[in-house]
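There are 2 protein chains.
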Amino acid sequence: MAEEVKLIGCWASPFTLRIQLALKLKGIKYEYIEEDLSNKSPLLLHYNPVHKKVPVLVHNGKPIAESLVILEYIDETWTHHPFLPKEPYHRATARFWAKFVDEKIFQTALKASAATGEEKEQIMEEIGEQMKLLEKELKENDFLGREGIGYLDIVAFSIFYFFQIRQEVMRIELISEEKFPVLWKWVGKLSEIVGVKESLPPRETFCLHYSSHKDTGFKIC
Amino acid sequence: MAEEVKLIGCWASPFTLRIQLALKLKGIKYEYIEEDLSNKSPLLLHYNPVHKKVPVLVHNGKPIAESLVILEYIDETWTHHPFLPKEPYHRATARFWAKFVDEKIFQTALKASAATGEEKEQIMEEIGEQMKLLEKELKENDFLGREGIGYLDIVAFSIFYFFQIRQEVMRIELISEEKFPVLWKWVGKLSEIVGVKESLPPRETFCLHYSSHKDTGFKIC
Numbered sequence: 001m002a003e004e005v006k007l008i009g010c011w012a013s014p015f016t017l018r019i020q021l022a023l024k025l026k027g028i029k030y031e032y033i034e035e036d037l038s039n040k041s042p043l044l045l046h047y048n049p050v051h052k053k054v055p056v057l058v059h060n061g062k063p064i065a066e067s068l069v070i071l072e073y074i075d076e077t078w079t080h081h082p083f084l085p086k087e088p089y090h091r092a093t094a095r096f097w098a099k100f101v102d103e104k105i106f107q108t109a110l111k112a113s114a115a116t117g118e119e120k121e122q123i124m125e126e127i128g129e130q131m132k133l134l135e136k137e138l139k140e141n142d143f144l145g146r147e148g149i150g151y152l153d154i155v156a157f158s159i160f161y162f163f164q165i166r167q168e169v170m171r172i173e174l175i176s177e178e179k180f181p182v183l184w185k186w187v188g189k190l191s192e193i194v195g196v197k198e199s200l201p202p203r204e205t206f207c208l209h210y211s212s213h214k215d216t217g218f219k220i221c
Numbered sequence: 001m002a003e004e005v006k007l008i009g010c011w012a013s014p015f016t017l018r019i020q021l022a023l024k025l026k027g028i029k030y031e032y033i034e035e036d037l038s039n040k041s042p043l044l045l046h047y048n049p050v051h052k053k054v055p056v057l058v059h060n061g062k063p064i065a066e067s068l069v070i071l072e073y074i075d076e077t078w079t080h081h082p083f084l085p086k087e088p089y090h091r092a093t094a095r096f097w098a099k100f101v102d103e104k105i106f107q108t109a110l111k112a113s114a115a116t117g118e119e120k121e122q123i124m125e126e127i128g129e130q131m132k133l134l135e136k137e138l139k140e141n142d143f144l145g146r147e148g149i150g151y152l153d154i155v156a157f158s159i160f161y162f163f164q165i166r167q168e169v170m171r172i173e174l175i176s177e178e179k180f181p182v183l184w185k186w187v188g189k190l191s192e193i194v195g196v197k198e199s200l201p202p203r204e205t206f207c208l209h210y211s212s213h214k215d216t217g218f219k220i221c
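Chains as they are written, first to last, in UniProt numbering: chain A, 1 to 221; chain B, 1 to 221.
If you're looking for bench data, these hints aren't it; they were derived computationally from the structure.
Do not take every clue at face value.
For chains that are exact copies, the list does not tell them apart, and a pair is met inside one copy or across any two.
Each computed DSS-like pair below joins lysine-lysine, with the alpha-carbon atoms no more than 30 Å apart [said to hold, decoys possible]:
id, residue 1, residue 2
1, K99, K24
2, K86, K120
3, K179, K53
4, K185, K197
5, K111, K29
6, K52, K189
7, K185, K40
8, K111, K6
Construct the entire structure; sequences and hints are all you get.
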């Protein structure tokens with residue numbers, strides 16, 4: 001049977017971006033279906049009735065939702081160029097930090113954009129502390145995945161790439177060369193890698209998108 | 001080298017319980033270290049400096065934190081009686097629902113305990129809707145893991161067992177035989193299984209613990 005791979009996503013979603021990157025890096029051909037999240041399609045509601053969110057990967061008619069779950073599925077289904085390290089302890093470390101990026105760094109950034117004044121300052125400090133921990137993890141390795149672009153690189157990059165562009169437009173400074181030189185260099189290096197580079201939506205389109213959502217804070221679909 | 005397995009936990013934590021269950025079901029001997037979360041030990045802070053939370057599994061001196069990450073580590077390190085199904089799509093399904101139990105059902109239950117009046121009623125309805133989805137998933141299978149006690153059974157059971165005991169003491173009705181007959185029967189069946197049964201702290205001790213935290217809501221360490 002011929003493989004049928006579809007991805008329901010939203011171009012401005014870091015969680016969609018990570019699946020696009022993963023499929024590109026594995027060299028898997030897929031059909032991309034852009035979702036209008038302000039008017040959700042029957043297709044999305046059919047394939048992800050629990051969360052009604054993107055991304056959803058549909059492989060030979062079977063849907064998989066939740067970006068971290070999708071990444072593991074891709075890695076287990078197409079086993080060439082594995083994203084997760086082989087050794088169980090390194091796999092656990094990658095999964096630990098991926099959860100940290102999604103549940104701590106990203107969630108704290110969302111809170112920051114909704115806050116003002118002193119509260120905002122406090123939350124920004126919190127993000128700074130969280131980023132420091134990841135910077136330390138990266139310091140002795142070229143990639144977070146240690147052995148090349150891996151699961152954690154894909155997860156973290158999709159978030160930090162958005163942070164980097166976002167601060168060109170908004171007033172929140174989430175990642176800077178001065179504060180996080182290692183992470184900054186790493187984002188730059190990953191942006192240039194073949195496979196990654198072609199998956200990134202144009203910087204200008206992003207800037208325009210964020211500019212139009214300036215008042216609503218950290219608007220990400 | 002002889003295996004050295006330690007578990008830093010808290011007896012009243014469902015997240016600790018799931019690791020105890022997993023180790024017991026795999027037949028792995030370990031040293032259990034009870035943590036006083038009101039006065040965190042240097043050992044816990046050393047092994048989990050990022051979250052400072054239990055459970056932490058320490059295997060031959062290497063720490064692994066976050067209960068879902070630990071479960072995958074256990075399954076990948078001691079490969080007999082696998083918890084996760086073999087087939088990638090079934091693995092993805094188990095991971096999807098495990099995230100759902102932790103990030104939706106458990107988090108909504110926490111919110112419910114802090115709420116009052118109309119807000120509480122709304123949140124309770126939300127939990128009911130979430131539980132219905134899982135009940136549906138379980139309906140056609142004896143276990144959530146399909147092929148025997150698996151990853152998702154361990155994850156969900158550790159939460160629902162606490163729900164079941166808790167409602168003997170508190171006023172929130174989280175799970176009932178009338179509303180969720182399939183889940184109810186499944187919790188009962190799992191409680192009786194050898195390996196699971198011996199890992200459960202005595203019901204009376206739990207009831208006493210919850211009674212003493214009646215005023216503070218859904219107190220779980």
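Now the hints, each set against the structure:
1. K99 x K24: This pair counts as both: shortest intra-copy Cα distance 23 Å, inter-copy 26 Å.
2. K86 x K120: Neither. Shortest intra-copy (41 Å) and inter-copy (46 Å) distances fail the 30 Å Cα cut-off.
3. K179 x K53: between (34 Å within a copy, 28 Å between copies)
4. K185 x K197: within (15 Å within a copy, 52 Å between copies)
5. K111 x K29: Neither: 36 Å inside a chain and 42 Å across chains, both beyond 30 Å.
6. K52 x K189: neither (34 Å within a copy, 33 Å between copies)
7. K185 x K40: Neither: 37 Å inside a copy, 37 Å across copies.
8. K111 x K6: Result: close neither inside a copy nor across copies, 32 Å intra and 36 Å inter.
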